[in-house]
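Each chain, letter by letter, is given below.
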Amino acid sequence: MATLHTVNKSPFERSSFISALNHTVPGDKVLMIEDGVISARKGNTFADLVSSALSDCSVYVLAPDLAARGIAEGDLVEGVQTIDYGGFVDLVAECDRTQSWL
Amino acid sequence: MAMDEAGGAPGAAKKFLYVNRKAPYGTIYALESLEVVLIGAAFEQDVQLAFLDDGVYQIVKNQSTDAIGAKNFSPTYKALGDYEVTKLYVEAEALEERGLTADDLMEITFEDEDDDWAEKPSINIVSRADMAKIMSEQDVILSF
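Which chain is which? The protein sequence lines are A and B, in order.
The opening residue of the first sequence carries number 1 in my numbering; numbering runs sequentially from there.
The opening residue of the second sequence carries number 1 in my numbering; numbering runs sequentially from there.
None of these hints come from the bench; they were simulated from the model.
Heads up, some of the hints might be wrong.
[Unchecked claim] Within a straight-line C-alpha distance of at most 30 Å, the following computed DSSO-like cross-link-like pairs (lysine-lysine) qualify:
1) B:K22 to A:K9
2) B:K61 to A:K29
3) B:K133 to A:K29
4) A:K9 to B:K15
5) B:K61 to B:K15
Can you build the whole structure from these sequences, using the hints too?
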């Protein structure tokens, strides 16, 4: 009964990233899209939160949004997975519900 | 019997959670949420509301919008019971972070038809962990 949480804002701009992580349950999936991908760059202030989330959730970033912001896959917090648009669709289909953290 | 994608019987009421995370007058989200809540209730779905982050400000008492030229829609929350919307979950941590307590919230009640129409509180203060669990039990989540 997993929930897909999507986050589309930078953690430096909005609290939605932190709120999303605070409301996951084990087995949930978190997908960063648009400016949300900024939280997944290794070394950023929020990287430890991403690492903590990975202990019981899966964390994904949308590759086209990463590329648009000049973030290489090798620059991501370890354990974060990249997906393309097709992968995004698969996640929505696999999960029981989707919550967009606006 | 055929099952729909949410796992329920066709035509059965689904569990809808409306997640409210923004304060009421700075953006249109809160009012839009309320409108959609009433639509969901009209279709006899199992409607629940969650208030977290700045969303807790939507239901604080003594709202007065006379001087800002916006409609004060807070009384509408008190009418939700008449639409059988009787489950409002408010996150304790969100209140505490903002220096608020349950006493700062409006009194929102419903009449329980299964209990001789006794008047009961609609607001349930829940922990962040319980809020996460509530979210994980829904068929549909609508975020505002």
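Determine which of the earlier numbered hints do not hold for this structure and return their numbers in increasing order. 2
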